[in-house]
Amino acid sequence: QNEEGTFTANDSRYTLTRQENGSYILSSKDQTSYGFNSDGYLVWMKDRYGNTVNITVDGNGKVRKITDSVDRQYNITYENGYIKTISDPIGRSVIYDYENGNLVRVKDPEGNYTRYSYDSEGYLSEIRDHSNNLLESISYLHASGENQHKVDYTVDAHGNQFTYSYDNVQGKTTITDINGRQNVKWYDSSYSITNSVDAEGRSTVAEYYKDEDNINRYWEEKSVTDRNGNKTRYDRDSRGNITKITNPDNSYKEMGYDNKDNLVWEKDETGRYTFYIYDSEGVYLLKQVQPLNGTDQYVEGESDEDDFAITRYAYYSDSECQQLGYKAKGLVKSITDPENNTTAYTYDAYGNISAVEDPQTHLLTRYEYNTIGWKVAEVSPKTFRTEYDYDNNGRLLRSTLNGGETTRIVYNALGQVKQEVSPNLYSADLDDRISNTYSGDHGTRYTYYPTGKVQTVTDAVYNTTTYIYNMYGNIENEIKPNGAIYEYDYDAMNRVIKKWFRESEEDNAVLLEEYQYAILIDKKTQTTQHIYLNDTDKLTTVYTYDYAGRLVLQQNPDGITQSTQYYPNGTVKSATDAMQNATYYKYDGQNRPSEQWSPVENNGGVKYVYKKITYDKAGRQKQILMGKELVSLYDVPTTFAITTLTYYRNG
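Its first residue numbered 922, the sequence shown is counted upward by one per residue in our numbering.
Because the hints were derived from the structure by calculation, they are not lab data.
The reader is advised that the hints may include incorrect statements.
[Claimed, not checked] Listed below are the simulated DSSO-like cross-link pairs for lysine-lysine, each with C-alpha atoms no more than 30 Å apart in a straight line:
hint, residue 1, residue 2
1, Lys1339, Lys1152
2, Lys1507, Lys1445
3, Lys967, Lys986
4, Lys1208, Lys1254
5, Lys1494, Lys1533
6, Lys1507, Lys1533
7, Lys1401, Lys1339
8, Lys1165, Lys1143
9, Lys950, Lys986
10, Lys1152, Lys1208
11, Lys967, Lys950
12, Lys1549, Lys1152
[Unchecked claim] For each label pair, taking beta carbons as the anchor points, the in silico distance ranges come out as:
hint, residue 1, residue 2, range
13, Asn1171, Glu1223, 33 to 41 Å
14, Thr1035, Asp1428, 39 to 47 Å
15, Ser1113, Thr1035, 56 to 64 Å
16, Asp992, Lys1401, 54 to 62 Å
17, Lys1296, Glu1516, 16 to 24 Å
18, Lys1181, Lys1296, 30 to 38 Å
Just so you know, even glycine gets a beta-carbon here, dropped at the ideal spot from N, CA and C.
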């Protein structure tokens, strides 16, 4: 407990404040708050704008009704003290069944079940879908001892068994699958994962901030070292906000926050800034500001706004919302881009966007929704109407264009797409809108394995491709409509290492492609691809990637290399082609490509074609200038061929 009467949690950034009436308010950094009554039951939740979800609880603390911020009600009933149904404002219900106090079935609004089973100790042991397919099973170590009631092994939908072993002294859990692949997790006293060793034996290491008692209270990462050994470091302020991210190459970006923990500025790895301006209460984002030169500091009310690209946000006031019948708060009224083009928004009573006004024509695109926010229609400025139909689980069944052209999607009981019918094949006579079934056998059709993986895909002209998977869910065989088979081999990290081809099941497999993966001494990742021309000849291409997964070097089959260099923020600095000619790039203050020097031969030397692009404040290309004479690298010609672009206000 703090001196001012608030309570600070030992393991989170939340603050708890006791009210005079004995109730409590729990406040988070993002200005979300939670209200508890004097009995300790959660009775409301409120976002930063004041939108409140009210929770009605009875004397025993059971939730009976939830009323959202726009007065929609969700009702909860109980049976023998357990939740029996949850019903939404349009009459959909989820139904729960129990045996011996354990949840055994959940029935979704479409009538499909998920089933749960338990062992003799009452622990969850199986989860099965509506078709009784096993999704996962769990066995436990119930014998007394330090590992009592911990997981012994699990079996996934593919039949792979994962066995758990525990070293409680070292804080280590080892997970071994049916083929002997292991993943090892080390954890600290707060149960944060500090080291993960994958199936190749490579470690990903996480370091956390600790307090004066050497305890990791908040699970806030101080650094992460990836499996290549690349280390990313995080600096934080006293509230846990990340203030600096230092990349493995020692480039870094920085951030700053206000006293409400709002991000108010950020600077990328090249020193380019973006500023965020909020209202006086720190609730509403009013402006996003980018210096045109990338580095000027913006001070609200003092800086010359001509030197910045400013996007402005306006919001409906509480009185405007009340007048217009809007029940939600924090609704964006308009967004004005840096060129002063304004897009305006109106809403329905539930806070869904009902119309968007074009900044050029002022014509409206309109939207319609059902009570729970599913979009049921969209009307273009020229009054072309598109309608959408859904099943009770919210899955799109039909989209119908203005002329009646209908795209139909059919689902199986598990919610998987069973059939997709394009407008040219759709027949309303085959579409039962009461049962939501479609009897036509056309379009693209799908079948599935019990695991949920696609088994076959049949296209509109009845060509069927069949897929077979290994126990890790990777495609092992791809059988084409003509009977040809592609086969795939994988490594322990589930990466393709070989691709084979067979004309038919009776033919021998021919190796088409082979891949090797390596981690280099400089911690880059290398992928080697072999494409086989015949049994002995192959084309080999080697790809090298940096810590961010960016391609930095490509060695082609002829031994010639192509390379790419990057600025610290990841934009391309130069690209060298197979002829070893390099194209160079520069960027403006908002990281848009602004200058380019492309190489050409000139009397045995290298000269460059110069290209410059200028932009308006909204980021649209304003001029493209092509130099009329060749120049040396980073020189600028004196004459240009100029292309000028102008835009309507809507872009």
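Hint-by-hint comparison with the structure:
no., hint, in the structure
1, Lys1339 with Lys1152, "violated, 45 Å"
2, Lys1507 with Lys1445, "holds, 25 Å"
3, Lys967 with Lys986, "holds, 16 Å"
4, Lys1208 with Lys1254, "holds, 14 Å"
5, Lys1494 with Lys1533, "holds, 15 Å"
6, Lys1507 with Lys1533, "holds, 9 Å"
7, Lys1401 with Lys1339, "holds, 19 Å"
8, Lys1165 with Lys1143, "holds, 11 Å"
9, Lys950 with Lys986, "holds, 28 Å"
10, Lys1152 with Lys1208, "violated, 34 Å"
11, Lys967 with Lys950, "holds, 13 Å"
12, Lys1549 with Lys1152, "violated, 46 Å"
13, Asn1171 with Glu1223: 33 to 41 Å, "holds, 34 Å"
14, Thr1035 with Asp1428: 39 to 47 Å, "holds, 44 Å"
15, Ser1113 with Thr1035: 56 to 64 Å, "violated, 31 Å"
16, Asp992 with Lys1401: 54 to 62 Å, "holds, 56 Å"
17, Lys1296 with Glu1516: 16 to 24 Å, "violated, 43 Å"
18, Lys1181 with Lys1296: 30 to 38 Å, "holds, 33 Å"
Checked against the numbered hints listed earlier, the structure breaks hints 1, 10, 12, 15, 17; every other hint is satisfied.
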